[in-house]
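Visitor: For reference, the chains in residue letters:
4 protein chains.
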Amino acid sequence: MSDLDVPALQRRLAEFAAARDWGQYHTPKNLAAALSVEAGELVEIFQWLTPEQSARIMADPDQARRVEDEVADVLAYLLQFCEVLGIDALAALDAKIDRNEKRFPAKGGGHPME
Amino acid sequence: MSDLDVPALQRRLAEFAAARDWGQYHTPKNLAAALSVEAGELVEIFQWLTPEQSARIMADPDQARRVEDEVADVLAYLLQFCEVLGIDALAALDAKIDRNEKRFPAKGGGHPME
Amino acid sequence: MSDLDVPALQRRLAEFAAARDWGQYHTPKNLAAALSVEAGELVEIFQWLTPEQSARIMADPDQARRVEDEVADVLAYLLQFCEVLGIDALAALDAKIDRNEKRFPAKGGGHPME
Amino acid sequence: MSDLDVPALQRRLAEFAAARDWGQYHTPKNLAAALSVEAGELVEIFQWLTPEQSARIMADPDQARRVEDEVADVLAYLLQFCEVLGIDALAALDAKIDRNEKRFPAKGGGHPME
Numbered sequence: 001m002s003d004l005d006v007p008a009l010q011r012r013l014a015e016f017a018a019a020r021d022w023g024q025y026h027t028p029k030n031l032a033a034a035l036s037v038e039a040g041e042l043v044e045i046f047q048w049l050t051p052e053q054s055a056r057i058m059a060d061p062d063q064a065r066r067v068e069d070e071v072a073d074v075l076a077y078l079l080q081f082c083e084v085l086g087i088d089a090l091a092a093l094d095a096k097i098d099r100n101e102k103r104f105p106a107k108g109g110g111h112p113m114e
Numbered sequence: 001m002s003d004l005d006v007p008a009l010q011r012r013l014a015e016f017a018a019a020r021d022w023g024q025y026h027t028p029k030n031l032a033a034a035l036s037v038e039a040g041e042l043v044e045i046f047q048w049l050t051p052e053q054s055a056r057i058m059a060d061p062d063q064a065r066r067v068e069d070e071v072a073d074v075l076a077y078l079l080q081f082c083e084v085l086g087i088d089a090l091a092a093l094d095a096k097i098d099r100n101e102k103r104f105p106a107k108g109g110g111h112p113m114e
Numbered sequence: 001m002s003d004l005d006v007p008a009l010q011r012r013l014a015e016f017a018a019a020r021d022w023g024q025y026h027t028p029k030n031l032a033a034a035l036s037v038e039a040g041e042l043v044e045i046f047q048w049l050t051p052e053q054s055a056r057i058m059a060d061p062d063q064a065r066r067v068e069d070e071v072a073d074v075l076a077y078l079l080q081f082c083e084v085l086g087i088d089a090l091a092a093l094d095a096k097i098d099r100n101e102k103r104f105p106a107k108g109g110g111h112p113m114e
Numbered sequence: 001m002s003d004l005d006v007p008a009l010q011r012r013l014a015e016f017a018a019a020r021d022w023g024q025y026h027t028p029k030n031l032a033a034a035l036s037v038e039a040g041e042l043v044e045i046f047q048w049l050t051p052e053q054s055a056r057i058m059a060d061p062d063q064a065r066r067v068e069d070e071v072a073d074v075l076a077y078l079l080q081f082c083e084v085l086g087i088d089a090l091a092a093l094d095a096k097i098d099r100n101e102k103r104f105p106a107k108g109g110g111h112p113m114e
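Residue numbers (this note's numbering), protein chains in the order written: chain A, 1 to 114; chain B, 1 to 114; chain C, 1 to 114; chain D, 1 to 114.
Treat the hints as calculated values from the structure; they're not laboratory data. Glycine included, C-beta positions come from ideal geometry on N, C-alpha and C. Keep in mind that a hint or two might mislead.
[Claimed, not checked] Cβ-Cβ distance ranges computed for the label pairs, FRET-style: (1) A:101 <-> C:98: 52 to 62 Å; (2) C:66 <-> D:102: 45 to 55 Å; (3) B:59 <-> C:104: 27 to 37 Å; (4) B:64 <-> A:102: 16 to 26 Å.
[As the list claims (entries may be wrong)] From the derived model, a few chain D residues whose C-beta atoms are all more than 10 Å from chain B: (5) 21; (6) 41; (7) 85; (8) 98.
So that you can see chain A by itself, here it is in the shape it has in the complex (with noise of 0.2 Å):
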């Protein structure tokens, strides 16, 4: 884990696109658009391994690159997403899993999904 925080990677994102005048680009209409393609490249790394092979990815240096640079750019595109709209990402989370623990109590839950 690296002492890097939120708010500072938002901070540099935020100026990143200032001083290349990005700003027009970055309505939060395109940066959520952004952020599923991105998701999109991330899931194209794993669409024809089977579950196994998938959770062997980072033993592979090009794939394991790979997956870095994808995660980097979601995260990237979701904080600059949070910075337009004034959202505090690690608080949304944060409530959210408060929810989820009542929505699905621990024990004899089963699957969202199930």
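Chains B, C and D: place on chain A using the hints.
Guide: Relative to chain A, chains B, C and D alone:
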């Protein structure tokens, strides 16, 4: 900004899944798919909006709640994906911004999609 | 196989949208987003299933109906996208198969993702 | 409009995959994922464009070719998905339009996303 941090949320998500015996579903392949599904649900909120309407989405409390809920879901699956593969998402993003600063110099750059 | 054809369905979709004055929403950008949202809803049905479970999905009438419904949505947005841009989807696919037959010779090929 | 038809293309795709022994990869789960990946690649073309720019995309021959290529990929995976599950995509869409005509009456409807 909250003082919550990513490692703490990642631990909470791991304990949540373990308490429900959901680890069997959480292959990297499945978590990448789930991440892209949630990204799609975020896009859905914006799909028929103009760029201007998308920028005002948080003014409507119901839509704001929906957006925050999808942000939480995207982040939850991203962190769980990183957890099962041992990826440090913040370090991956930090390294990616470093690379992008070289790839897209601030002056005269143009948007990568232009 | 039905004897329905693509041009007839495309016309029906265009008339349906016109009668409701939905043309204003149907920019190529929005229709591409809507297509990807529906593709995500199709993925959602399968996201936690094993490959074997996914192959038996049509044995459950409720799941079968859900799958067919998402297939219809994906095709609807794909045809509407093609309609607004004047693209002949069947001809585009036919030309693509021709190209792929050269790109991936039948003998000794290996899967593109291997 | 071409006089190509869907069953003929579906057969060609099935023969193409069989000749390369790709059937092993073509579970419904994997084909749904591949479909969503291709839909994401279509969205990528439009992600930073204004609605107006998106409507003019076919005026640029390189972009037009790229769009047609992604349309072909989306349709290819949709038809292969339907093939392995025995779904008649055109009949599914026809039935869905019937249902939508009842759900969204032509007069005074409003868009489903309004």
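Visitor: Each hint needs a verdict: does it hold in this structure or not?
Guide: Against the structure, the hints:
no.	hint	in the structure
1	A:101 <-> C:98: 52 to 62 Å	55 Å, holds
2	C:66 <-> D:102: 45 to 55 Å	19 Å, violated
3	B:59 <-> C:104: 27 to 37 Å	51 Å, violated
4	B:64 <-> A:102: 16 to 26 Å	21 Å, holds
5	21	21 Å, holds
6	41	13 Å, holds
7	85	18 Å, holds
8	98	23 Å, holds
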